[in-house]
Structure formats: structure tokens, C-alpha cells
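Undergrad: So the sequences go chain by chain: H and Y. Under the working numbering, think of the first position of the first sequence as 1, with each following residue one higher. Under the working numbering, think of the first position of the second sequence as 1, with each following residue one higher.
One should not assume that every hint holds.
Copies of the same chain look alike in the list, so a pair counts if it fits in one copy or across any two.
Said to hold, decoys possible - Once the Cα atoms are required to be at most 30 Å apart in a straight line, the calculated DSSO-like pairs of lysine-lysine come out as: (1) K233 / K186; (2) K270 / K181; (3) K216 / K287; (4) K287 / K186.
Bear in mind the hints are in silico, worked out from the structure with no lab data behind them.
Each chain, letter by letter, is given below.
There are 2 protein chains.
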Amino acid sequence: MKRINIGLLGLGNIGTGTYRTLEMNAAHIRRAAGLDFAVTRILERDVDRERGITVSKAIFTQNPDDIWNDPATDIVIELLGGVEPATSFMVGAMNRGKHVVTANKAALAANYEILTDAAARNNVMFRFEASVGGGIPILNALTTALLANEYEEIMGILNGTTNYILTKMAGENLTYETALKEAQAKGFAEADPTADVEGEDVANKLSILMSLVFGKRVLPGDIPTSGITKITKDDIEAAKADGCVIKLLASAFKRGDGIDCFIQPTLLNKDHPLASVDNEFNAIFVKGNAVHDLMFYGKGAGPLPTGSAVVGDAIEIGRAIAKGAAFDLRG
Amino acid sequence: MKRINIGLLGLGNIGTGTYRTLEMNAAHIRRAAGLDFAVTRILERDVDRERGITVSKAIFTQNPDDIWNDPATDIVIELLGGVEPATSFMVGAMNRGKHVVTANKAALAANYEILTDAAARNNVMFRFEASVGGGIPILNALTTALLANEYEEIMGILNGTTNYILTKMAGENLTYETALKEAQAKGFAEADPTADVEGEDVANKLSILMSLVFGKRVLPGDIPTSGITKITKDDIEAAKADGCVIKLLASAFKRGDGIDCFIQPTLLNKDHPLASVDNEFNAIFVKGNAVHDLMFYGKGAGPLPTGSAVVGDAIEIGRAIAKGAAFDLRG
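For reference, chain H alone in the conformation it holds in the complex:
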């Protein structure tokens, strides 16, 4: 049994989901992976919030130095969100030899090279499965099991909020505004829904996917993006009359020597595998030159599905540490 000490940056919804996943499945993880995870430090201001987890107040700190300067810390898990200070904190941790796991799509999309270069320079492992598709293990598949393929296309429904709104509009004949309010009431949309409904969240995810799949860096702001705010009941009705549904699709594919990409509401025939991806679910469609069409489907958000991906990354790193091979076998 190998003990692995985790320093956690952020104990909001995703941090709490990660903590709960570690707590709930501790016995399973010991049995299945031979690892005994302990969260030994948490960077978080809000010590007193009721989160439904058992966590000692003594491990909270407001100084990231306490986490990355502690020689006992094996893995830093960054769940603060946002580009800064998250990027600086991750680079700081890697510069001190810590392996890093993150769910932070904004930081990755903005600073992909800075982060992957820092990991390579310091010979540490850097994993970010939860940054795209929540609990769906798509990045792991693309960078390991599917690596025999040249990728031709990647396409997906990458945002649960907009998919929930479009599903409600179609299923219950609602206007965009009414469906958005319902999504907000159910916790599927934020009070300011801009980043979701205008496609910015999806652009971050597509940018990360393009870096991994095509080795091509495109900043999120450079991806042609249309959100769903202009979709009307008439659009939905017209799609239905044609045997179609409207989904907000992110797509990147080879064309000639280059890569094309876009994010836009798209008509899909009802027989298409992505057409039955409803509510808050996500799905990612990949085409490789040997495997042909593949699709991955699951919960693209939520504390526990995201916690599943974060802890999965930590298990990969923990196993490598336990075997004395704590360097990047994927690199």
C-alpha cells in the first residue's frame, strides 16, 4: 500500500466532489490500485462552509507556498478555475517537483504550452482529464489507447448547460428565455450564463482537444463561435419537421493540409448517434484512420463525475509513483 499526499487548491463544487470521491471510494481505491490517498493541505478561504464532507480545519491554508514547499506533497490538484492565479500556481508547483492534476479548461486553453512545457522541464506528470467532457475519459483514450490512429475529425456536444436548454426547448416547446430560466432553477446554468450560452466554455474545450488531437494550438477566441441565444421556437419546429434536432456542436477536422474548426448550432438527423444525447449529457465523436467512428457519452459536469476524472488522473500518477516510475509514460 502506497500513501499519496494531495495538496488541493480550491474546495468549491469540484473540489468538494473530488474530496467526496476520494472519501467515498477510499477502500475501493486501496483495493483496486494499492493507493492510500490523503488530502494533507487545502488552499481555500472559506473554511466554514457546510460541504457534506469530513475535513479537518487544520489543513486549510491561504498560502500556496504551504502546499508546494511541503516535501510530503506528492500531487497538487488545482480546482480554482480561471486563468490566474491558477496557471502561476500550477507552474509554481511543477517547478518544485510536484505532479499536477487540474480540471481547469480556461487556464489550459489560454496557457497550454506554458503548462505542458513546465511539466516536461520539471519531469513531472501533468493530467487534465476533467477539463473536457467532465467524467468522460476522452483525453486518456485520445492520448493512449487510440494512439495508433491518425485522427481525421473530432466533434462533440461539450456543454451540458446549452444541451439542457436545447433539449427542453425541443421537448416542451419552450422559448430560449423560459428554458434558460428552468436551467438556472435546476442548477444547470449560472446566474450569468454568458460563458455557456455564447459558446466560450465550448471554445476552451475545443482548443484543448485540438492541441491534443492535431497538435495544433488555436486560442479559444480564434475559433469561429456561435452560441444558442438566437435559436427560436420556429427553428426548433422547422428542424423537427425535417426529422432533425438542433445541437450546439464543436467540430475540428482535417481539410487539405490544415485543420478547420467551428462551434455552432447544427442540424442533426435524428438517426445520428449525437442526436439522442439529451439534457446535461455530453458526447464526443472521434474519427481515426484505423478505428473509424467512435463516440464517448456521459455526464460532462457535476461534482462527482468531474471528481471521477480528477481522481482517475491522481490514480495514474499515484501508481507511477508507487512503481518508482514517476515520469510521463505518455510523453
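Mind docking chain Y on chain H? Use the hints.
TA: The following block gives chain Y in isolation, referenced to the frame of chain H:
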């Protein structure tokens, strides 16, 4: 760049698909994984068959000793099919320190402990992604990225032949016999279709999944299994009238302290994600206690999709060899 020498057992359809994947994507694999694969030995009687690949006759042998006694062989890829001599050959290779990759579901279902014990005893890597779901990277996901979860259920459409027949019966109002003949004419069913249509092929795959997911060994012959030979046009019509489709489902799930399992034709509501999995496609549905519902969809058979999975396994092993960490990080 690390050179990795492969000894191939069998150059039938899957062996040829694996060879083609390695040949077609050699430059990509060098770039993406830093590996230069060479097939240095092939165990195969039929030297002269036209396979559409460039392979020197000098590397063919009919003696497996030539492969596993060659110190230059890094990985043995077993694609003979059938329980024996495949099992003995794989154990023989592992006993001589060779890493092994296989697509052989019959050998795994019959001899799971013998094979995994031989790998552990010899400290070699043993991978079999292609044995379940063809090109779908489900075993990799279940044993790495999803390991933070306690699994509650696994369910799937695991046989392309029967799914093709059921799709044709429903879509074109055919009898079972006519649809079977069409599947045979298109190469989706064998001249003797028994193993597919009676569910034996699916039972092998479900047995492997249960070993991995629940750590529970159930021999294929002990799984309650009904095939599709008794499905009539009337059954299909009745399902349609209820808004359902009939799929041959394999299922294993926790009940109380035990695991239940079965393989049988099952009514699925048309809205279920598995209902739109048509023709020769496979899909696997997993429920974990953190990630909730996940589905993986893709081509469950065929030379190149299967080659994608086999070469993906070889890449994982090759990377570990290249980094000097050629032992099982998943164990």
C-alpha cells in the same frame, strides 16, 4: 526513437489488419509515440496468400520457438484465435520474458487466471483491449481512467453480427433467415454463424468484462444466454408498436452482495442511448458510483478497428520499454 520488435502469431484477417495499421501509420507512431515498430517474425502457415501488405517471406515461421526464443523480440502479439494452442503460446512467450498483446476472447474467457498469473509471475505486460468491443477502448478506460469508481453495472451490445441482423430485420421487415443470409453475403456473419447468433461470442466478452470490472470469474458457459435465432418478424413489429427496439444485450450488475449476469434479446425504449446503436456497431454502457452513466460506441469488429486496439496496446508497452519502466503500471 526506440525500435520495438514484434513477433506476430497469426496473419489472418486480424493479423493483416494489425500489420496494415502498423504500416499505414508508421510515420504517425514515430512522431506521436517515439516508437519504431518492426514485425520481425510471423507464425503462419499460409505464406503465399495475397493480403494487400508488403511482408518479406523470410520472416515467416511455423515454429513458435523461433519467436519467443529470439532475444530481439520485445512483444508477442497473439492473433491466432481459439483457446489452444493460443493459451500455451502466450504463456510460453511470457515465461521467456516477452510482453504479450492479444485479441483472443475465447482464450481469455477460458483461461483468464492462467494468463494473468503468468504475466504477473514473469513481470511482463499483458494487454487485450481488442478482445472486447473491437476498436472501442473500453478495457483501457475501465482499468485506468475510471478506476476512481466502484462499478455498479456494465451492459452492452457486444456482437456486430447479431446487431446487424436485428437492424436489418427491423429496418427492412426481413425474417431472421433472410437477414442472416444478407449478413453472410456482406461478410458480417460466418458460414457457420452459431457462435455469434447463439450468444457464445458475447458470453466470452461478458466473462472478460466481469473479471475486470467486478473481479469475478464466471465462465462463459455459466452465463445464462439466449441468442437471437428465435426472434420473429412479429416480435420486431410488437416492439415497434411499443416505441421500442430489440437488441441482444449482455448485462452484469451488482445485486445484494453478488453479481447477476445474463445475455438475452431485450426491449429497449427508442430514447435509450443503446437503441440507436445499429448495424455492425457495438456499444458498452457503464455505471460507476462517481461518474454515473457512461457509454462507449464504435466498430466492434473488422481488421482495422481491431488493429487500432492491438497496436494501441503495443504502443503502451513500447512506451514503457522506451522509458525503462517495462512493468505493469496498472497492476
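Undergrad: Decide, hint by hint, whether the structure agrees.
TA: Checked hints:
1. K233 / K186: Within one copy, since 21 Å is at most 30 Å while 44 Å is not.
2. K270 / K181: Result: close both inside a copy and across copies, 26 Å intra and 29 Å inter.
3. K216 / K287: Cα proximity of K216 and K287: one copy only (17 Å, versus 34 Å across).
4. K287 / K186: Classified as between; 23 Å across copies, 34 Å inside a copy.
The structure fails none of the hints (numbered hints given earlier).
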